[in-house]
Each structure stands twice: as C-alpha cells, then as structure tokens.
Amino acid sequence: MTVAETAQRIAAGEVTATAIVDGMLARIADVDRELGAYLAVDADGARAAAAAIDKRRAANERLPPLAGVPIALKDVLVTRGLATTAASKILDGWIPPYDATCVEKLRAAGAIVLGKVNCDEFAMGSSTENSAFKKTKNPWDHTRVPGGSSGGSSAAVAANLCSASLGTDTGGSIRQPAAFCGVVGLKPTYGRVSRWGVVAFASSLDQVGPLTRTVHDAALVLEAIAGFDPKDSTSLDAPVPKYTDALVGDVSGLRIGLPKEYFEGSIDDDVRAALQKTIDVLRDRGAQLVEITLPHTHLALAAYYIVAPAEASSNLARYDGIRYGNAVQAQDLLALYMKSRGAGFGPEVKRRIMLGTYALRSGYYDAYYKKAQQVRALIKRDFDEAFERVDAILTPTTPTTAFAFGAKSNPLDMYLADVFTLSCNLAGLPGISVPCALSPAKLPVGAQVLGKPLDEATVLRVAHVIESLVGIAQQ
Amino acid sequence: MTLDRKEVEEIALLARLHLEPAEIERMQSELAAILEHFGTLAAVNTADVAPMTHAVPLELRLRDDEPAPSLPQAEAVRGAPVTADGFFIVPAIIPETS
Numbered sequence: 194m195t196v197a198e199t200a201q202r203i204a205a206g207e208v209t210a211t212a213i214v215d216g217m218l219a220r221i222a223d224v225d226r227e228l229g230a231y232l233a234v235d236a237d238g239a240r241a242a243a244a245a246i247d248k249r250r251a252a253n254e255r256l257p258p259l260a261g262v263p264i265a266l267k268d269v270l271v272t273r274g275l276a277t278t279a280a281s282k283i284l285d286g287w288i289p290p291y292d293a294t295c296v297e298k299l300r301a302a303g304a305i306v307l308g309k310v311n312c313d314e315f316a317m318g319s320s321t322e323n324s325a326f327k328k329t330k331n332p333w334d335h336t337r338v339p340g341g342s343s344g345g346s347s348a349a350v351a352a353n354l355c356s357a358s359l360g361t362d363t364g365g366s367i368r369q370p371a372a373f374c375g376v377v378g379l380k381p382t383y384g385r386v387s388r389w390g391v392v393a394f395a396s397s398l399d400q401v402g403p404l405t406r407t408v409h410d411a412a413l414v415l416e417a418i419a420g421f422d423p424k425d426s427t428s429l430d431a432p433v434p435k436y437t438d439a440l441v442g443d444v445s446g447l448r449i450g451l452p453k454e455y456f457e458g459s460i461d462d463d464v465r466a467a468l469q470k471t472i473d474v475l476r477d478r479g480a481q482l483v484e485i486t487l488p489h490t491h492l493a494l495a496a497y498y499i500v501a502p503a504e505a506s507s508n509l510a511r512y513d514g515i516r517y518g519n520a521v522q523a524q525d526l527l528a529l530y531m532k533s534r535g536a537g538f539g540p541e542v543k544r545r546i547m548l549g550t551y552a553l554r555s556g557y558y559d560a561y562y563k564k565a566q567q568v569r570a571l572i573k574r575d576f577d578e579a580f581e582r583v584d585a586i587l588t589p590t591t592p593t594t595a596f597a598f599g600a601k602s603n604p605l606d607m608y609l610a611d612v613f614t615l616s617c618n619l620a621g622l623p624g625i626s627v628p629c630a631l632s633p634a635k636l637p638v639g640a641q642v643l644g645k646p647l648d649e650a651t652v653l654r655v656a657h658v659i660e661s662l663v664g665i666a667q668q
Numbered sequence: 008m009t010l011d012r013k014e015v016e017e018i019a020l021l022a023r024l025h026l027e028p029a030e031i032e033r034m035q036s037e038l039a040a041i042l043e044h045f046g047t048l049a050a051v052n053t054a055d056v057a058p059m060t061h062a063v064p065l066e067l068r069l070r071d072d073e074p075a076p077s078l079p080q081a082e083a084v085r086g087a088p089v090t091a092d093g094f095f096i097v098p099a100i101i102p103e104t105s
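Line order of the protein sequences matches chains A and B. The first sequence lines up with residues 194 to 668 when you count with the working numbering. The second sequence lines up with residues 8 to 105 when you count with the working numbering.
Here chain B stands alone, though its shape is the one from the complex (with noise of 0.2 Å):
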C-alpha cells in the first residue's frame, strides 16, 4: 500500500512543511506502512468510552489577574532570525499599492 503522491504533497502543506521530491516519494510507503498498523485500532469496540485527554484528572487551573514582570522585549526577541526595534520581521503579506 501506498499514499498517492498527492494526498502526501497536501498534507505537507497542511505542516507547512517542504519536502523534496525524494522526500515525499519516501513517506508516501512509509506513512503507508504505519497507517497500516493504526488499522488495529478499527475493530476494537469503543462506542461507551469517553476519549481520554489527560493521564491524571485535572481541573482548569486560573491564575489571579494580575501583572507579574515577565521576559523584556529585547530577550524575548534575541533569539529571532531577523528583528527591528525590537520587533520580529516577516516578509510583507499585503501588496504594496502604489
């Protein structure tokens, strides 16, 4: 059993993830293989049982509302590829009109 090539390329974009060409033909039997093993999990019988989200039970926790000091601007933007003043740059996402 196989992905199709397709299928594997969608999913990459999903995960924002590239993959080269021998990439992509490479999980599409690997995935395969697994997803191929997930198929014992079809036939067990699951109909009364609640999906378990944590290991141990567990109460939302809240914490008071109030401001405590937190990380600086400057340290919390030293370890992005590229700032400005402290911000974090991205190329432009809108279209310069002119």
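With the rest of the complex left out, here is chain A (with noise of 0.2 Å):
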C-alpha cells in the first residue's frame, strides 16, 4: 500500500493503524533477515504509537496527514530514545537524547516510527557496503547492492518493509540507491528540509528527503517535513507549497533540457534506451525537449570529492572519544583521541577524513578547497544559465544498474557511481529519480529530474507523468 492509501483507510475506520503496524513487523521479521535493510525495529514504540493513532480515531478526532503510516528513518537522522549509529562502531549504543527536526515534523504529521536503516557509514559511499554492521541486499537481485549511501532506506520501501522512508543526500545518496532499487527518492532544494538532528557529514551539501513507492507519496512526505526551522541556520525561509497540487498529470508547455554532457559519457546501453524512451514519452505528451549543456560538468566529481571531505573532517571531528559515542582509554589525551577514532571509524570514513584533511591544512588551501568552491561557483552558474532557458532537466540517475557486491573495490571507481548526481547537491538544486523502465535483465533504471531552488513542484510533476507513462510494475 501507498503512504496515501495506508493514511486514507486509517482515516476511513476501513483498516486500523495497529494492524498496519503489526503486518509490517511481521513482514519484517519474515523478510529482513535475509534482506538487511533495517538496523534497529522499534516494535513497542511502533505499537504503541499506532493504539494512539487508533484512540484518536475512535474518539472522532481529525487525524493528521500521515495518521499511522509507517516510516522507516535512515540511521544519520537522531531518534529520541531510540539507538542511532550512522552505520558507525564509534556511535554504536549511542541513544540520542532528542528528536531530528524532519522525524519531530513526521511524528507530529501522525507518521510511525519502525526503525533505523542502514547506510554507509556516516552517509559515506554508494553501495552500503561501508555500514560496520551488516550488507544490505538488493530486493531485485540479492548478489547485487541497493545502492547508497541511503541503501536500507531504498531497499526497505522496494521490499515493502516500510510505506516510506527517509534518507539524506550529499552527493546522490537518495537518488542513487532509489534508481538501484526501483522507488521514487526525493532530494529537497538546500535549505527546504531542516539538518537539525542529522549527522553531519558535508554541511553545505547534506539535505534529508523521501524515498516512497509513488510520486504521489513522495510529496505527502515533503509537505510533512519541509518548512523553516530556527535551529538549522542554514533553514529556507519559504512558505512550504501543497506539493500534490503539483501532480497534474500534465507536461504540455514545459520546457525540458537535456543536458549533452551527461549522454555524452559512459552510459550502459539499457539505461541509455530507457532514457531515450523516457523523452519520447515526454515529447509525445506535450514537453519541449532541448539540448542544453552545463560545460563544467566535467569537474564535479572532483571539486565535490574536495568540498564533502574537507567538511566531513571537520564535522567528524566530534568524535573524540570524551562527549558521546565509543572510547579507547589511554594515559594521555592525545592518544585518547587518535585510538579511539582509529578503532571507531571505518576505512572509507578515514580515508575521506584524511582526505579533507589534507585539502585543508594551512598552505593547501587556496589549490583545493578554494578552487573547489570557486569550480562550484562554475558549476552552479552553467545549471543558472540553463534554466534560463528551461523549466526541469532531465539526465540518467546513474550510468548503470545496481552492480554487484564487491564490484568496486577501488574507491574512485565507487566514486563515479554518483557522476550524475553530484552537480545537484553542489549547485543546491531540488533532484528526484524516478523509475523509469526495467531493464533485460530485470533491473530497475531510474531518471532523473533536476529543477530550479525550491521549484520541487515542477520537478515532482515531471517525475509524476514519467512514472505514470513507463513507470515500472510494482514489484
């Protein structure tokens, strides 16, 4: 069921939200040993959750948006009493004493609280394969990885472990693992989602979205969550818009660019025919398609592998053994310090610290981090130029299929899994993948539609009518 037919029937008195709850535990406890995409089940939270949703029902009160659906949280995003680990030993055991502001907002819109997904360990990497705790499967091909870094995120809505999920995007990380797994996963304009409660990993990049089943519902989850929030200084102060009004069904007279530099390059001949297919289907209903070009498309996988690590060593250098999180004791605080992030983090998480650590350190800065940030200014500038002349922009999600576990054991090959979603994050601009065909081998490809800041209306609208046209079967 989708967020919208589980929270209508729930409205309705035709089903309760304890028996929606129950059914999803059940199903993941039937599932998801084998699968793996959830870190932590809150069964009695859940539960108890859903007998207030039923009470507040049975007592004729008007229910909120989201009355009883069932969510699933990434394991960045904090959880009042309920363990968060970002997928990391040095947080392993680590119970947040407050709410993230996005899972406060989905609480009070009525929304259940299942558990924590897995990820890569601190939102870093493209497979989930840098989760310390355990390998998420693909539920379309268990040899092959959902994706991520929000991995447990897409394969728990792809296995209907979940009506939806939240996850967090730095550079692909919601649109990524959404393409691999066959759901519709939504990365907000910078700012339109509150960081508040996130684990920090690039700062001026990170933003939290949906990852649902439909178009549809990923805009009932928006709406739940966007909005200004006094505690991310960094928070849009903009008036959060009814996104489903958006959903017109309709893409006639919209403008919509394709952006040659992304079909130049290296794109698997199935997710190049899907994309060919998928704007036919959108010239045919009306939209303009032009070929637009971004010229420095070129440089973003460079200037974000600077700009994300050199943030993440800064932010990761909260853990420090002393305040939260896991320790290794030792005679004197320097030592304190260095074993207990040597024996905390994971290799991919280091790397990037030593990374951006080097990319910092006094006399490197203007060659990297500047650069970096003035390439963005570049980057930012071709996607204000283009939609000058464009409504939306649509490119591939990722240049393949989900690939198989242990496929890239380089780390730079892992990095060009993101090549097609990084610009996004850099420039700030709201993304959406949707499915948009299986290919032969039966694996989910997925479009992606990038839009103007804070236009997440068009955006969603586009990916409405892609997924309507040549939408996939739900598996």
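Honestly, I wouldn't trust all of these hints.
[To be verified] Stretch-level coverage of chain B by chain A, calculated; a stretch enters the list once three of its residues show a Cβ under 8 Å from a Cβ in chain A:
#1 22 to 28
#2 54 to 65
#3 73 to 86
[Stated by the list, open to error] Now the in silico label distances, taken between C-beta atoms and shown as ranges:
#4 F94(B) to R273(A): 21 to 29 Å
#5 D71(B) to R273(A): 20 to 28 Å
#6 R273(A) to T90(B): 14 to 22 Å
#7 D71(B) to Y291(A): 16 to 24 Å
#8 R516(A) to L69(B): 22 to 30 Å
#9 K453(A) to E43(B): 21 to 29 Å
These aren't lab readings, by the way, just hints derived from the structure by calculation. Values in this document were obtained by computation on a predicted structure and should not be read as measured data. Here a beta-carbon is modelled for each residue, glycine too, at the ideal position from N, C-alpha and C.
Dock the two chains into a complex; use the hints.
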C-alpha cells in the first residue's frame, strides 16, 4: 500500500493503524533477516504510536495527514530514546536525547517510526557496503547492492518493509539507491528540510528527503518534513506549497533540458535506451525537449571530492571519545583521541577524513578547497544559465543499473557511481529519481529530474508523468 | 604516484587518527590516486570567480539573546564514555606536582 492509501484507509476506519503496524512488523521479521535493511526495529514504540492513533480515530478526532503511516529512518537521523549509529562503530550503542526536526515533524503528522535502517558509515558511500554492521541486499537481485548511502531506506521501501522512508543526500545518496531499487527518491533544495538532528557529513551539501513507492507519496512526505526551522541556520524561510497540487498528470508546454555532457559520457546501453524511451514519451505528452550544455560537468567529481571530505573532516572532529560515542581509554589526551578514532571509524571514513585534512591544511587551502569552491560557483552558473531556457532538466540518475557486491573495490570507481548526481548538490538544486524502466536483466533504471531552487513542484510534476507512462510494475 | 609515508603520518596526526602500518601503506597509494584526479581542477581559470560557500543566498541569522530551556546536564553527558558528577572525565593534561 502507498502512503496515500494507508493514511486514507486508516482515516476512513477501514483498517486500524495497529493492524498496519503489526502487518509490517511481521513482514520485517519474515523478510529482513535475509534482506538486511533494518539496523533496529522499534516494535514497542511503533505499536504504542499505532494504538494512540487508533484511540484518536475512535474518539472521532481529526487525524493528521500521515496518521498511522509506518516509516523507516536512515540511521543518520537522531531519534530520542532509539539508538542512532550512523552505521559506525564509534556511535554503536549511543541513545540520542532528542529527535531530529524532520523526525519530530513526521511524528506530528501522525507517521509511525518503525525503526532505523542501514546506510554507508556516516553516509559515505554508494553501495551501503561501508556499513560497519551489515550488508543490505537489493530486493530485485540479492547478489547486487541496493545503492547508497541510503541503501537501507531504498531496500526497505522496495521490499515493502515500510510505507516510506527518509534518507539523506549529500552527493546522490537518496537518488542513486532509489534508482537501484526501483523507487522514487527526492532530494529537496538545500535548506528546504531542516538539518537539525541529522548526523553531519558535509554541511553545505547535506539534505534530507523521502524515498517512496510513488511520486505522489514523495510529495506527501515532503509536505510533512519541509519548512523553516530556527534551529538550522541554513534553513530556508519560504512557505511550503501543497506539492500534491503540482501532480496534474501533464507536461505540455514545459521545456525540459537534456544536458549533452550527461548523455555523451559512458552510460550502459540499457540505461541509455530507457532514457530515450522516457524522452520520447515526454515529447509525445507535449513537453518541449531541448539540448542544453552544462560545460563544467566534468569537474563536478573533483570539486565534490574536495568539498565533501573537507567538510567531513571538520564535522567528524566531534567524535573524540570524550563527549559521546565510543572510546579507547589511554594515558594521555592525544592518545585517547587517536586511538578512539582509529578504532571507531571504518576505511572509507578514514580515507575521507585524511583527504579533507590534506585539502584544508595550512598552505594547501587555495589549491584545493578554495579552488573547488570556485569551480562549484562555475557549476552553479551553468545551471543558472540553463534554467533561463528550460523549466527542468532530465538525465539518467546513474550510468549503470545496480552493480554486484564487491564490484567497486577501487575508491575512485565507487565515486564515479555518483557522477550524474553530484552537481545537483554542489548547486543546491532539487532533484528526483523516478523509475523509468526495467532493464532486460530485470533491474530498475532511474531517470533524474532536476529543477530550479525551491521548484520541487515542477520536479514532482515531471516525475509524476514519467512514472505514470513508463513506470515499472510495483514489486 | 604515491605519497610518502611521513606525509601520510603527518596528516593522520593533524586528523587525530591512529592508523595501523598497513593502513598507512594503503593510504599512500589511494590518496595519491584521488589527489591526482583533483589535478583536473588546476587547469580551470577561476581568476575572477568568487568561491561559493553556500548553495543558496543566506544572511547570517541571529536569535534573540534570551535564555530558553535546554538539555538538562544529566542528559547531555549521558552518552559520554566516562563521567563523574555530571562532568566529562578526560586524562590529566597537566602533570601532577607533588
């Protein structure tokens, strides 16, 4: 059942929230031992929240929009009283004393937190293989990765182990796993959703967003979590539109840009064919498809892998073995820091801390971080110029379909899995991945739609048409 | 290309990150390969480009300077590895004198 159906049927009294939650918990118990999406299931908390919704319904109270909808949270979103690990040993066992703003907003909207789902450690990765705790399998093919870093979020939605989930996206971490698992994944405009209570990776890029089975559901969940938050200094003070109103089922008159740099590069034949079909369908439906150029695209990977690790190296300085998280005790303070961090972080996190420290160290700042921020400005300028001519931009979400476990053992090869999604974060734009085809090997292909800042409505509108016309059968 | 061992050790110290000898060796080649890729940026002319620090235009916001409820001390230190009387415990940083 979709988010919309679940909320509707509970509100109409056709089914209880308790029945929905019990059904979901039973399915998790049945399926997730093999799949590995969840790190923690809060059965008691979910049942109590469901009982409270049912009580309100019995008292004829007006229910909030997501009442009774079971949701899974990526384990980088802090949850009061529920362990939050960021899939890292350094936070194993940590119980946060507060809820992230997006979690608070979901609860206020009546949603029920089922539990915390797996991801790459500190959201650093593209396959969820960097989790310190477990492997998450792709529900379409258990020999393949679910994508990452929000791989538990995408797998849980695809396998129907929740109605929707939240992920975070710093360089594609919502859109890429959504593409790999055949679900919808939306990264909102930077600042649209509060980052308060999100375990920080790269503060100028991080954004929270929904993973869902339909575009309509993504719109519903975004409505619930978006909005100004005084606790996040980069939160945008802009009204939250009713995003579901944008889903008019029509793209006629819209100008959609096809950036030639994205289509010239190395793309699997299956992905290329799926995108061509999507383009044809949008044209048939009255959209005007225009070739555009984003000339600095080839620099995005290098700029991103300077900016993101630099910010990460600074953000992760907080894990010092003293204030929270795990420690290796030592005789002196320096040894305590070094041993705690050496034992607590996994290989990819260490690599990025090292890269970031290299780029920020005295004497190297101009050559690396400053240069990357200048290139970032050029990438943003490319988009600004393109959006003077078009309303939205269409690209593949990823160059390939889901790859096998262990296929990307070289770090740079893994980084290239995000080559189409990074620019969107650097420029702060909204972007969505929507399933557009099943490959001959029965693996989902995702189409990415990018929009102007704060124009999630158009992004959702285009994705909605793609989904309805070339969408893949729900599993 | 590889980074020399001493440079990797220096960066690890700056990052307060203990690395095992095998990790240092791996970093020497892995970091070098990634840094080499960063070289693509050096050729870009950015002479007149202001560095972009934020994706969206933002003005620094200040809250009113008024006290508001916060986490109680006991809750704030509850996640720490070692505490005493509501304080974090760290190894002595000043040598004891007799």
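Hints, verified against the model:
1. 22 to 28: Since three or more residues must qualify, the claim that chain A covers the segment 22 to 28 of chain B holds, with 6 doing so at under 8 Å.
2. 54 to 65: holds (count 9)
3. 73 to 86: Result for this restraint: holds, n = 6.
4. F94(B) to R273(A): 21 to 29 Å: Since the Cβ atoms of F94(B) and R273(A) sit about 23 Å apart, the hinted range of 21 to 29 Å holds.
5. D71(B) to R273(A): 20 to 28 Å: holds (26 Å)
6. R273(A) to T90(B): 14 to 22 Å: holds (20 Å)
7. D71(B) to Y291(A): 16 to 24 Å: Since the Cβ atoms of D71(B) and Y291(A) sit about 21 Å apart, the hinted range of 16 to 24 Å holds.
8. R516(A) to L69(B): 22 to 30 Å: holds (26 Å)
9. K453(A) to E43(B): 21 to 29 Å: holds (27 Å)
In summary, the structure agrees with every hint in the numbered list given earlier.
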